[in-house]
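Construct the entire structure; sequences and hints are all you get.
Below are the chains, spelled out letter by letter.
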Amino acid sequence: MIRDITIGQYYPAKSCIHRLDPRVKIVSTLLFLISLFVQNSLLGYAAATVFLGGVIRASRVPLKFIVKGLKAVVMLLMFTVVMQLFLTKGGDVLADFRIFEITEKGLRTAVFMAVRLIYLIIGSSIMTFTTTPNALTDGMESLLRPLNRFQVPVHEVAMMMSIALRFIPILLEETDKIMKAQIARGADLESGNIIQRTKAMVPILVPLFVSAFRRANDLAMAMESRCYNGGENRTRMKPLVYKTGDYMAYAVTVIYLTATFVLGRFVPFHLWIF
Amino acid sequence: MVQARKLVYEYEKRDDEGNVIGMNRAVDGIDIDIRQGQFAAILGHNGSGKSTLAKHMNAILVPTGGTMWVNGRDTKDPRELMHVRQSAGMVFQNPDNQIIGTVVEEDVGFGPENLGVPTDEIWKRVEDSLRAVGMLEYRTHSPNKLSGGQKQRVAIAGVIAMEPRCIVLDEPTAMLDPNGRKEVIRTVQELRKRRNVTVILITHYMEEVIDADQVYVMDSGHIVMKGTPREIFSQVEELKKYRLDVPQVTMLAEELRRRGISLPRGILRREELVDAVDRYACMLKENQS
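Just so you know, the sequences run in chain order A and B.
Per numbering that gives the first Met the number 0, the first sequence runs over residues 0 to 273.
Per numbering that gives the first Met the number 0, the second sequence runs over residues 0 to 288.
For the record, the hints were derived by calculation from the structure and aren't laboratory data.
All values reported here derive from a predicted model rather than from experimental measurement.
Some hints here could point you the wrong way.
[To be verified] Each computed SDA-like pair below joins lysine to any residue, with the alpha-carbon atoms no more than 25 Å apart: (1) B:LYS181 <-> B:GLU162; (2) B:LYS75 <-> A:MET222; (3) B:LYS144 <-> A:MET220; (4) A:LYS237 <-> B:GLU162; (5) B:LYS181 <-> B:HIS203; (6) B:LYS284 <-> B:LEU251; (7) B:LYS123 <-> A:GLY230; (8) B:LYS5 <-> B:ARG72; (9) B:LYS144 <-> A:ILE169; (10) A:LYS179 <-> B:SER146; (11) B:LYS181 <-> B:GLY133; (12) A:LYS179 <-> A:LYS198; (13) B:LYS284 <-> B:LEU255; (14) A:LYS179 <-> B:ASN96; (15) B:LYS144 <-> A:ILE177; (16) B:LYS12 <-> B:GLY64; (17) B:LYS144 <-> A:THR131; (18) B:LYS54 <-> B:GLY179; (19) A:LYS63 <-> A:GLN8; (20) A:LYS237 <-> B:LEU135.
[Claimed, not checked] Only part of the chain B face toward chain A is listed, based on derived beta-carbon distances under 10 Å: (21) MET89; (22) VAL158; (23) MET161.
Where is the CB? At the ideal position from N, CA and C, for every residue including glycine.
As structure tokens, this is what we get:
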């Protein structure tokens, strides 16, 4: 079940999107998501489709893999669409089921909402598919650096994130070991109702936490012994430097934004939605 | 290189409610002198204070009494902290809990990054150190997929990348299988020969210290024995008192001597034992004829 969720995973491949600076990808994704929400014209969505399609092609992530990521949110998607379909009123009535009726406006809103959500998920998962978690944290750190002025410990938070990422597989393995050890001692983790099963988790969580704290202590000592003392006076092994390709990517994003804006503003009136 | 005079480390002993019930001396009046380029080993069973002593060499712990100098700097002085930590790198016991990076090369680069080394130089150092420990081909791997011995080698590379004059290894092989143990010790030996770094090995595996220049034996916070491996291991009875074994070969020689076969004391290596037994056999033959 957990294995099916592909959102947030990294898909290793050699493509121009993979090579981009993480900052470009974060900023562009953010702009793309905003553009999805401010525009409401058919042509605008057409532009978004072209843009997204192009990025997917360029990223060399198989479409199948991307669609698999949508499975996890299919319920949420259905729910939103159905709610929009029946509850938005306006325009001609297309179908009448006594209490509920489907109106023209409702149908349009529902369809656009579905497209919007699907693009939103695909758009953000393209970013995680093509960027290693470490590059993402680096990019975030670099983009959020101005917040340092407001006493936000940006470097520390980024460091915590990357350490968390490093320890996820270790802690998963540890959980597995503890579970087996407890099962060997006769712990019953499978049967019973949800409350009993939750209670059965306690003998797994307690040793897991103890060991996590011990690891944290060891790691802090190891970091200190290697002269770590926060973000000051630190150099980087892999500094983020914008290359030509990154500027070009920014340019593409700006072209897309202008296109959606122009199309949304100046297309003939009857293509306007709402 | 590393020098201690009357070193004392005390900590408060607490009961279950956290009330102080007394002081515990983990390290009590220790004098050591380890010169540049030496291979020193510190032996002792669990709780003898050997790890506490090691942590002083990196200023993770600061002595509560006496003084510790690393590379001529007092570890108590906060201004010297970075210098001390840079000149005495430390490798810990648990390979998983000391690797910070999610990629091997990034982890090795962590120390130089902290020291403020320029980017080009970091790359050079990372490559050099990974080559020195024989892990260059794994540079882009995730540390999670490496074996314990390989992880420890990465940790050693991470220390070397800071260009220390001394490496302190705190039971680096305690969590490894015999192969990993050999791998790590061989790496350390090679580094010592090639780079003339001082090596301080803390361990309770006797086989690992036979090549040491100097061996210290610790028990309940004191240094109880000091000398070359040969001197130390010829005192089997004394070592037993401190709950330490001697290397298997030395043990065998000792047992043989007890049964009346006259072998010299302090045999450390298998070849030495073979030679000694040979010589004894020849002597017997001569006596008979």
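Hints and how they fare:
no.	hint	result
1	B:LYS181 <-> B:GLU162	holds (24 Å)
2	B:LYS75 <-> A:MET222	holds (19 Å)
3	B:LYS144 <-> A:MET220	holds (23 Å)
4	A:LYS237 <-> B:GLU162	holds (20 Å)
5	B:LYS181 <-> B:HIS203	holds (14 Å)
6	B:LYS284 <-> B:LEU251	holds (22 Å)
7	B:LYS123 <-> A:GLY230	holds (22 Å)
8	B:LYS5 <-> B:ARG72	holds (16 Å)
9	B:LYS144 <-> A:ILE169	holds (10 Å)
10	A:LYS179 <-> B:SER146	holds (22 Å)
11	B:LYS181 <-> B:GLY133	holds (14 Å)
12	A:LYS179 <-> A:LYS198	holds (17 Å)
13	B:LYS284 <-> B:LEU255	holds (18 Å)
14	A:LYS179 <-> B:ASN96	holds (22 Å)
15	B:LYS144 <-> A:ILE177	holds (20 Å)
16	B:LYS12 <-> B:GLY64	holds (17 Å)
17	B:LYS144 <-> A:THR131	holds (17 Å)
18	B:LYS54 <-> B:GLY179	holds (24 Å)
19	A:LYS63 <-> A:GLN8	holds (14 Å)
20	A:LYS237 <-> B:LEU135	holds (18 Å)
21	MET89	holds (4 Å)
22	VAL158	holds (7 Å)
23	MET161	holds (7 Å)
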